[in-house]
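K.L.:
What follows is the residue order along each chain.
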Amino acid sequence: MGENPVGRVVEEIAREHGRERWRLMDIARGVQQRLGCVNSRAVDAIASWLGVSRVEVEGFVTFYSFLSTEPKGRVVIRLCDDVIDRMAGYEEVRRGFETALGISLGQTTPDGVFTLERTACLGMCDQGPAALVNDVVVTNLSSDKARSIVRALRENPRPERLVQRFGSGNNAHPLVRSMVENNLRKAGPIVFSEQARGEAIRKAVAIRPAEVIRAVKTARLRGRGGAGFPTGMKWEFARGAEGSPKYVICNADEGEPGTFKDRVLLTEMPDRVFAGLTIAGYAVGASEGILYLRAEYAYLRRFLEHILDRRRADGLLGKDICGRAGFNFDIRIQMGAGAYVCGEETALINSCEGRRGEPRTRPPFPAQRGYLDCPTVVNNVETLACVTRILEAGPATFCEHGTPQSSGTKLLSISGDCGLPGVYEVGMGISVRGVLEMCGADEAMAVQVGGASGRMVGPASYNRTIDFDDLSTGGAIMVFGPDRSIPEIVSAFMDFFVDESCGVCTPCRVGTRLLKERIDRIRAGRGEPGDIEELVQLGETIKQTSRCGLGQSAANPVLFTIKGFRHVYDEMVSHDPHGYQRSFDLNESVREAERIAGRRSIHHREVRT
Amino acid sequence: MSKPRLATCSLAGCFGCHMSILDIDERMLELAEVIQFHKSPITDIKTFTERCRIGLVEGGCANEENVEVLRAFRRNCDILVSVGDCATMGGIPALRNFVEIEECLREAYVDGPSTHNPDGVIPRDIELPLLLDKVRPAHEVVHMDYSLPGCPPSADTIWAAVTALLSESPVNLPYPLVKYD
Chain B
-4 MGENPVGRVV
6 EEIAREHGRE
16 RWRLMDIARG
26 VQQRLGCVNS
36 RAVDAIASWL
46 GVSRVEVEGF
56 VTFYSFLSTE
66 PKGRVVIRLC
76 DDVIDRMAGY
86 EEVRRGFETA
96 LGISLGQTTP
106 DGVFTLERTA
116 CLGMCDQGPA
126 ALVNDVVVTN
136 LSSDKARSIV
146 RALRENPRPE
156 RLVQRFGSGN
166 NAHPLVRSMV
176 ENNLRKAGPI
186 VFSEQARGEA
196 IRKAVAIRPA
206 EVIRAVKTAR
216 LRGRGGAGFP
226 TGMKWEFARG
236 AEGSPKYVIC
246 NADEGEPGTF
256 KDRVLLTEMP
266 DRVFAGLTIA
276 GYAVGASEGI
286 LYLRAEYAYL
296 RRFLEHILDR
306 RRADGLLGKD
316 ICGRAGFNFD
326 IRIQMGAGAY
336 VCGEETALIN
346 SCEGRRGEPR
356 TRPPFPAQRG
366 YLDCPTVVNN
376 VETLACVTRI
386 LEAGPATFCE
396 HGTPQSSGTK
406 LLSISGDCGL
416 PGVYEVGMGI
426 SVRGVLEMCG
436 ADEAMAVQVG
446 GASGRMVGPA
456 SYNRTIDFDD
466 LSTGGAIMVF
476 GPDRSIPEIV
486 SAFMDFFVDE
496 SCGVCTPCRV
506 GTRLLKERID
516 RIRAGRGEPG
526 DIEELVQLGE
536 TIKQTSRCGL
546 GQSAANPVLF
556 TIKGFRHVYD
566 EMVSHDPHGY
576 QRSFDLNESV
586 REAERIAGRR
596 SIHHREVRT
Chain R
49 MSKPRLATCS
59 LAGCFGCHMS
69 ILDIDERMLE
79 LAEVIQFHKS
89 PITDIKTFTE
99 RCRIGLVEGG
109 CANEENVEVL
119 RAFRRNCDIL
129 VSVGDCATMG
139 GIPALRNFVE
149 IEECLREAYV
159 DGPSTHNPDG
169 VIPRDIELPL
179 LLDKVRPAHE
189 VVHMDYSLPG
199 CPPSADTIWA
209 AVTALLSESP
219 VNLPYPLVKY
229 D
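Quick note, the sequences are listed as chains B and R, same order. Per this note's numbering, residue -4 is the first one in the first sequence, and the count goes up by one each step. Per this note's numbering, residue 49 is the first one in the second sequence, and the count goes up by one each step.
The shape of chain B in the complex, shown without the other chains (with noise of 0.2 Å):
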């Protein structure tokens, strides 16, 4: 031994980003990738490189989902879990990886080489099931491929030799050669629209930032995350925010279950997205953007830092962009490192500065103080390419698509019970029923509108249309068909929320997991009438008192399907007719003591009379 080289390796990780506090993600994530974990050491020697305390590290560390204390295999194989997965066959695929590799989910082959994983969607809803092999995504898995893909990997542990066959479009290009096709069935009139690279930049330095602002502000364009917000007003806040410098961050930690539109996006249109962050850039007097990546997608990094080379060779990104003096402005990849709450600003803001992803409280807003404490924006990726094409076009030809309220065109993410699965741009408004007939979905029993924290719609609501007025989404829709159990589908998103609740508030906390715990009461036919009503009160609680959005929304799967599906719920519960409590089951509850004493409880035949 004699030299340490956990010591070393941290130490090189540490120079390459500075010894800069606010690089932590970066550098743990280094460690992670070199020592298949950042154990114990490694946190030390983080924590004294970057001045910090030993706490700050590891707390870092452990909220993250892709990082680790405990060593990792080599090959890590996260299977993703999300309710579309689940009904396309997650199970048998689990089983599947955990015959051939002789693991169960959560462990670590013997010989160090293979750890299996579940995690959350992994935008790949429209070709589930899917998992991550380290970074390498594999889709359409089935029990079979799972055994294949383990028996290749004994042979070769280098993921990238698993795709033999690369998706559409750049999913084929050399620095992606990736499997995952990009299922487009519609490009419209906005976002996939022909590019004429650099046009919309040319455009926008021509007038004044104020002006840009303007034309976004007649364009009436609203975030495409979902909330809706005008995005000319945000701009103009962080434009009139004391502070410098500014930022502007595109958010594509595309982490709503369902989601993948943004997957697409960068992989088709990133021109557009980086000629969206740049523009904001100009219009709120910011010269640095970030592109904050979901660790799932890390896939598409490399292309993805080619085409911003290939942005600042063709002088769209650093000094003086397309002539105008003065206008300085790169973009930097910040990758994420797996958690779902870091697609909230405020939290995205924080992992971005190598803190825990725990939303901070507002106000102050990120437009007054963000990043590093400066004015920053957030933009989604849509937005951005809908900005590019606004610059482009004119507010007006970006007006004529959608309705006044809802101007331009909406990518949607459809998935589960239809017959094309995949992203389709559509005018804003359409309706519920017009998106099923586009998909192919005749007998749809219910659909839900905007991923895990949207809302279930059902049959009688199909006239219902998508846009800010009515149903307000980031785009995802997973379709359900008639077979479905809607208690099973909201336990599904319920353990997506237990997962994801970043453990800050109670409400958000406990609450999810009370939620859990009664709907699959229900589910398993220990439910009471009475039950019902406490989701109802328990659900209003944690949406009152939460202190972000992911606690906010967490009960919205137990409360639309409640208002909307009562009489699933209705059939399934009923009153003992005794008064006992229906979920106490003494068999299960003794089981432990009748081991240990080796013999069976003497009331095991329930008394019932």
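Do not rely on the hints blindly, as some may be mistaken.
Claimed, not checked - A short, non-exhaustive set of chain B residues, derived as facing chain R with CB atoms under 8 Å:
#, residue
1, 573
2, 585
3, 588
By construction, these hints were calculated from the structure, which means they are not laboratory data. All residues carry an ideal CB built from backbone N, CA and C; glycine is no exception.
Put chain R on the given structure of chain B with help from the hints.
P.N.:
The following block gives chain R in isolation, referenced to the frame of chain B:
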């Protein structure tokens, strides 16, 4: 018309709540005027033979026998009241919920510093009720109608609650009766 009957039991509790019941002192005579005590440690009546109006439950459920008794109370009483913190929330016995039961039993019968048990036997006689995996408050096992907080609830609190239930007037306990600090 016969007098309404009242039953009481102590499950996983310390009998402190029953002491508090006895603490109503001379009012016990007043109570005996209007009710008849049925199954209770106070009367030593072991089984229900008649239906009762009120059942007072002390303690939560720590073992299978507690469950059987509580269920018998639910079947035979119109109104069930959780009396005291153990019945309401599990109380002190529920502290063991954070420890595996095998570890609890070993600590009690084998590993405890004052234990002499050379064979390391954990008692398993058929007479001994098996422990539940967790100590549960009464309302997690059967439906409870009311709960009286306190460790124990004061005699005045118990008196106020029982008389209100008997007169079928709303149970409305003034703040001093349910305030503990």
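K.L.:
For every hint, state whether the structure bears it out.
P.N.:
Evaluation of the provided hints:
Satisfaction of the interface hint for residue 573 of chain B is found here, the shortest Cβ-Cβ separation to chain R being roughly 5 Å, below the 8 Å cut-off. The beta carbon of residue 585 of chain B is positioned within 8 Å of a beta carbon in chain R (closest approach about 5 Å), and the interface hint is therefore held. For residue 588 of chain B, the shortest C-beta to C-beta distance to chain R is roughly 4 Å, which falls under 8 Å, so the interface hint holds.
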